[in-house]
Amino acid sequence: MSATAPTAGTPALEIHGLEAGYGKIQVLWGIDLTVEAGSFVTVIGANGTGKTTLLRAVSGLVRGVHGSIRAFGQDLHGHSPARIVRAGIGHVPEGRQLFPLMTVAENLASGADYLPGAAREITRSRATVFELFPRLAERQLQLAGTLSGGEQQMLAIGRALMSRPRLLLVDEPSLGLAPSLTKAVFRALAEINRAGVTVVLVEQNVQRSLALADRAFVLENGRIVKQGRGSELLDDPAVREAYLSL
Amino acid sequence: MDPTLVLQGLVSGVLAAGLYALVSVGLALAIGVIGVINFAHGEFFMIGAFLAYQLFVSFGFDPLLSLIFVAPALFVIGAIVYRSTIRYVLEAPELNQMLLTFGLSIIFQNLALLIWGGDPRSISGVPYRSIGVQLGGISIGLVPLGSFVISLVLVLALYVGLARTRLGRAMRAVAQNRVGASLVGLEVDRIYLVAFALSALLAGIGGVMIAVIQSPTPTVGFAFTLKAFAIVVLAGLGNIRGILWASLAVAVSESMVATLVPNGDALRNAVFFAIIFIVLVGRAWRRA
Ligand SMILES: Nc1ncnc2c1ncn2[C@@H]1O[C@H](COP(=O)(O)OP(=O)(O)OP(=O)(O)O)[C@@H](O)[C@H]1O
Ligand SMILES: [Mg+2]
Chain Y
1 MSATAPTAGT PALEIHGLEA GYGKIQVLWG IDLTVEAGSF VTVIGANGTG KTTLLRAVSG
61 LVRGVHGSIR AFGQDLHGHS PARIVRAGIG HVPEGRQLFP LMTVAENLAS GADYLPGAAR
121 EITRSRATVF ELFPRLAERQ LQLAGTLSGG EQQMLAIGRA LMSRPRLLLV DEPSLGLAPS
181 LTKAVFRALA EINRAGVTVV LVEQNVQRSL ALADRAFVLE NGRIVKQGRG SELLDDPAVR
241 EAYLSL
Chain G
1 MDPTLVLQGL VSGVLAAGLY ALVSVGLALA IGVIGVINFA HGEFFMIGAF LAYQLFVSFG
61 FDPLLSLIFV APALFVIGAI VYRSTIRYVL EAPELNQMLL TFGLSIIFQN LALLIWGGDP
121 RSISGVPYRS IGVQLGGISI GLVPLGSFVI SLVLVLALYV GLARTRLGRA MRAVAQNRVG
181 ASLVGLEVDR IYLVAFALSA LLAGIGGVMI AVIQSPTPTV GFAFTLKAFA IVVLAGLGNI
241 RGILWASLAV AVSESMVATL VPNGDALRNA VFFAIIFIVL VGRAWRRA
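If you read the protein sequences in the order shown, they are chains Y and G. Going by the working numbering, the residue at position 34 of the first sequence is 34; the numbering climbs one at a time, nothing skipped. Going by the working numbering, the residue at position 123 of the second sequence is 123; the numbering climbs one at a time, nothing skipped.
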C-alpha cells in the first residue's frame with residue numbers, strides 16, 4: 001500500500017462521527033475533526049476524556065471503531081497500525097512504548113526498517129533526528145530502558161520521525177519532564193511542523209500547546225465541545241478557568 | 001566412585017545438552033515473543049520423531065534426509081496450531097492459555113497413539129546408529145555426537161538470526177513491546193505466527209534426532225517439555241547463552257544421577273522437578 005499524493009487542500013486528517021471505546025465502555029461519542037495539511041493542532045481536555053483514545057483510534061491501536069477516519073484523502077477505517085504507519089502517520093504514543101532492551105540506535109532504526117520508503121532514507125532521517133535531539137546522538141549505544149524520562153521521550157519522537165511521517169500524532173510529550181526539557185521538546189515539535197509535517201498534539205501543558213497551535217480542540221467526556229485558533233482559546237475565559245486554573 | 005563412570009556420565013550429559021538446548025530455545029521463543037506458555041511444545045518434538053520414523057519405514061528415508069521434509073512440516077503444523085487456537089487466547093488469562101496448550105498436548109498424544117500405537121518405535125536400520133569411538137573406557141556414539149553438533153549449529157543460527165536479521169529484530173521488537181512494534185509497521189499477529197511455527201520447527205528437528213537416539217513412544221514429548229521448562233526457568237527468558245549453560249547443567253545433572261545413583265534411571269524426571277523447585281525457591285528467597 002502506498003500513500004496517495006496529497007492534493008492541494010486535502011486535509012491531513014478528516015474525522016466524522018467517530019465513536020470508539022474498550023469493550024462495552026464507550027469513550028468517544030461522535031467526534032468531528034478536520035486537520036489542515038501542514039498545520040499544528042492541539043487537543044486539550046481533562047484526564048480520562050478520551051484524548052489518548054482519539055489518537056489510538058487514528059493510528060489503529062483501538063479496534064472496532066465507528067465513523068470515518070481519512071488521512072490525506074485515504075480511508076483508514078479498520079486498518080492495522082502497521083498499514084496506517086505506511087500511509088504516512090507517525091504516532092508518539094502515551095507511555096512511549098520503546099524497545100527497552102535495544103539500543104537508542106536500534107530503536108531509531110526500527111522506526112524505518114519495516115517501511116520500504118523510510119528504509120531507503122534511513123541515513124538522512126537519522127541525521128535529522130540527531131540534529132533535533134543531539135542528546136540521542138551521544139547515547140546511541142545506550143539501552144533505551146536505561147534512558148532518563150526526557151531522553152526516552154526524545155527517542156519516542158525520533159523513532160516516529162524515522163518513518164518519515166506526513167502526519168505526526170504526539171501524546172503528552174511533556175509528561176514527567178522538567179520545564180527546560182519540556183521547552184526543548186516543544187521547540188522540536190515546532191521545528192518538525194515547520195519542515196512540513198502536520199502535527200496533532202495532545203497535551204496537559206495547555207499554555208504552551210495553545211500558544212503553539214494553529215488550531216485547538218477541547219475534548220470533554222468524549223465530545224469536542226469547543227474549537228478555535230490556539231490564541232483564541234488561550235484568551236477564552238472558560239478555557240482559562242478549566243485548564244489553566246487562572 | 002569409578003572415575004570412568006563419572007567421566008562417561010559427564011560426556012553423555014554434555015552430548016545430551018545440545019538437544020536439550022535446541023528444544024528449549026524453541027520453547028523460550030514461544031514464551032518470550034508471544035508470551036504463551038506452551039505445554040504442547042514437547043508434542044511438536046514427538047511429531048517430528050514419528051514423522052521421521054514414518055518416512056523411514058515407508059520410503060526408507062535416512063533421518064538426515066527426512067529433516068528436509070519434517071522441518072517444513074512442523075513449521076506448517078505450528079502455524080496451523082497458532083492460527084486455529086493460540087491466537088484466540090492471547091488476551092485470555094494465563095491459566096486459560098495453559099489449559100489450552102495442555103489440552104493440545106493430550107490431543108496430539110492421543111492422535112499419535114491412534115496412528116502409531118503405544119509401543120516404542122525405533123529407526124533401527126540406519127547403518128550409523130551403532131557406530132562410536134572408545135576413548136579410554138568412555139564410549140562416544142556417532143549419533144549423540146552428531147545430534148549435539150547439529151543442535152548447536154541450529155541454536156547458534158537462531159542466536160545470530162535474532163541478532164542480525166530483519167525478521168529476528170522484528171521478533172525481538174514484538175517481544176519487547178507489542179504496541180511499539182505495531183507502530184513501527186510490524187504486523188504483530190504475523191510475527192507471532194512465524195515465531196510459533198519456528199518454535200515448532202526447532203522442536204520437530206529435535207524429535208527427528210531422538211527418533212534415532214531412542215525408540216520414542218507417543219509420550220516422549222512430555223519429558224522434553226519438562227526438561228525445556230526446567231532449562232528456561234533456570235536460564236531466564238530472552239537469553240540464548242543462558243539457555244546453553246542451563247542445558248548443560250540440566251543434562252549433566254540428569255546424566256550423573258542416572259549413571260551414579262543406584263536405580264538412578266528412574267529418577268531422571270525427578271531431577272527436573274528438583275531443578276525447577278530449587279531455582280524458584282532460591283529466587284523467591286533472594287527477592288525476600
Ligand atoms: N484499555 C482500556 N480498557 C478499558 N478502558 C480504558 C482503556 N484505556 C482507557 N480506558 C478508559 O477510557 C477513558 C479515556 O481514556 P484515555 O486514555 O483516552 O483518556 P485521556 O484523555 O488520554 O486521559 P489522560 O489525560 O489521563 O491521559 C478513561 O476513562 C479510561 O479509563
Ligand atoms: Mg492520555
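If you are wondering where the hints come from, they were derived from the structure by calculation, not from laboratory data. In this text, all values refer to a predicted model and were calculated from it rather than measured experimentally. Glycine is no exception: its CB is placed at the ideal position from the N, C-alpha and C atoms. Be aware that a few hints might be false.
Covered stretches of chain G (in silico footprint by chain Y; criterion: 3 or more residues with CB under 8 Å from a CB of chain Y, positions within the stretch not fixed) [claimed, not checked]: (1) 79-85; (2) 164-175.
Every beta carbon over 10 Å from chain Y, so not counted as near; a handful from chain G, in silico [said to hold, decoys possible]: (3) Gln-54; (4) Ile-131; (5) Phe-148; (6) Gly-180; (7) Leu-248.
Distance rule for Gln-54(G), whose beta carbon must clear each one in chain Y by more than 10 Å:
Its Cβ never comes within 10 Å of chain Y, the nearest being 40 Å, so this holds.
Consistency of the no-contact label for Gly-180(G), given chain Y and a CB cut of 10 Å:
Answer for Gly-180(G): violated, closest chain Y Cβ roughly 4 Å.
Looking at Leu-248(G) again, its CB stays over 10 Å from all of chain Y?
Label holds. Min Cβ-Cβ 24 Å, cutoff 10 Å.
Mind taking a look at whether chain Y covers the segment 164-175 of chain G? Criterion is 3 or more residues with CB to CB distance under 8 Å.
It holds, with 5 qualifying residues against the three required.
Just double-check Ile-131(G) for me: nearest Cβ-Cβ distance to chain Y has to come out over 10 Å.
holds, 44 Å
Least C-beta distance from Phe-148(G) to chain Y larger than 10 Å
holds, 30 Å
Counting residues of the segment 79-85 of chain G whose CB is closer than 8 Å to a CB in chain Y, do you get three or more?
This one is violated; 0 residues, fewer than the three required, reach chain Y with a Cβ under 8 Å.
Hint check: violations occur at hints 1 and 6; the rest are consistent with the structure.
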